[in-house]
Amino acid sequence: MSDEARVGIVLVSHSAALAEGAADVAGQIGGGSVTIAAAGGTDDGGIGTSIARVRRAVQCAAAGAGVVILPDLGSSVLTVRALLAEEDFADPVALADAPFVEGAVAATVAAAAGGDVKAVLQAAEEARHARKL
Amino acid sequence: MPGSCEAAITLTGDLHARPAGSLALLAAKFRSVVELTAGANTADAKSVLAVMGLGATRGQQITVRAAGPDAAEAVTALIGILAEATPVGG
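Protein chains in written order, with this note's numbering: chain A, 1 to 133; chain B, 1 to 90.
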């Protein structure tokens, strides 16, 4: 645990409301010390994904310690991959293969605890195995 | 020498999402392995999803068990947060 910059979280969804809602939930549970940027919807606010919105969210979440991106499904993944292929960010950026809400919560708590990109990515991906019942 | 330590507390509120987050964040500060047991279920205290998955509710006894160099401190801290955090819902 250190006082250095936290890993930032980017939530990419087809829906702006879904991305922002998941960010709200994860922020509440994670205690508020992590930057969670929501990138939902198309440029005109419809259902879909926007490479420009994801780019801005990554820039927002990057504080020097890296960024972990969680896509919801389908073209969210493709949009993130397209962005990462065309742009080099100063921060290390990782794409998580994880359930959206559980992964966002687990990643945020891991980031708040001072985990690096690898630890935050692992926390998100372990959410695949978490049982609710 | 690494040691182990354990203590139990009866919950005064449900172990909901927000208390689970606070608890996992606190547990992550310790080097020891920290586990919570409620009934037949045991969870890694550093995993927020595992702590939520315990489904521990008011009136249930939770045991905190830690093993490692700061086991006693970890158990004291987690019992403290379980005593104060769980009345909060959500």
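Calculated directly from the structure, the hints in this document are not laboratory data. Be aware that one or more of the hints could be misleading.
Claimed, not checked - One-sided excerpt, in silico: chain A residues whose CB lies under 7 Å from chain B:
1. 21
2. 24
3. 27
4. 30
5. 32
6. 101
7. 105
8. 112
9. 117
10. 127
11. 128
Note that the Cβ used here is the ideal one computed from N, Cα and C, for glycine as well.
Each hint tested on the structure:
1. At its closest, the beta carbon of residue 21 of chain A sits 14 Å from a beta carbon of chain B; the interface hint therefore is violated under the 7 Å criterion.
2. Interface restraint check for residue 24 of chain A: the shortest CB-CB distance to chain B comes to about 12 Å, outside 7 Å, so the restraint is violated.
3. With its C-beta approaching chain B no nearer than about 10 Å, residue 27 of chain A sits outside the 7 Å limit, and its interface hint is violated.
4. With a cut of 7 Å, the hint placing residue 30 of chain A at the interface with chain B holds, because the nearest CB-to-CB distance is about 6 Å.
5. For residue 32 of chain A, the shortest C-beta to C-beta distance to chain B is roughly 10 Å, which exceeds 7 Å, and the interface hint is violated.
6. For residue 101 of chain A, the suggested interface contact is broken, since its CB lies about 10 Å from the closest CB of chain B, more than 7 Å.
7. At about 6 Å, the closest approach between the beta carbon of residue 105 of chain A and any beta carbon in chain B falls short of 7 Å, and the interface hint on this residue holds.
8. Using the Cβ-Cβ criterion of 7 Å, the hint placing residue 112 of chain A at the interface with chain B is satisfied: the shortest such distance is roughly 6 Å.
9. Because the beta carbon of residue 117 of chain A sits about 16 Å from the nearest beta carbon in chain B, more than 7 Å, this interface hint is broken.
10. Given the 7 Å rule on beta carbons, the hint for residue 127 of chain A holds: about 6 Å separates it from the nearest Cβ of chain B.
11. About 10 Å separates the beta-carbon of residue 128 of chain A from the nearest beta-carbon of chain B, more than 7 Å, and the hint is not met.
This entry does not satisfy hints 1, 2, 3, 5, 6, 9 and 11, going by the numbered hints stated previously.
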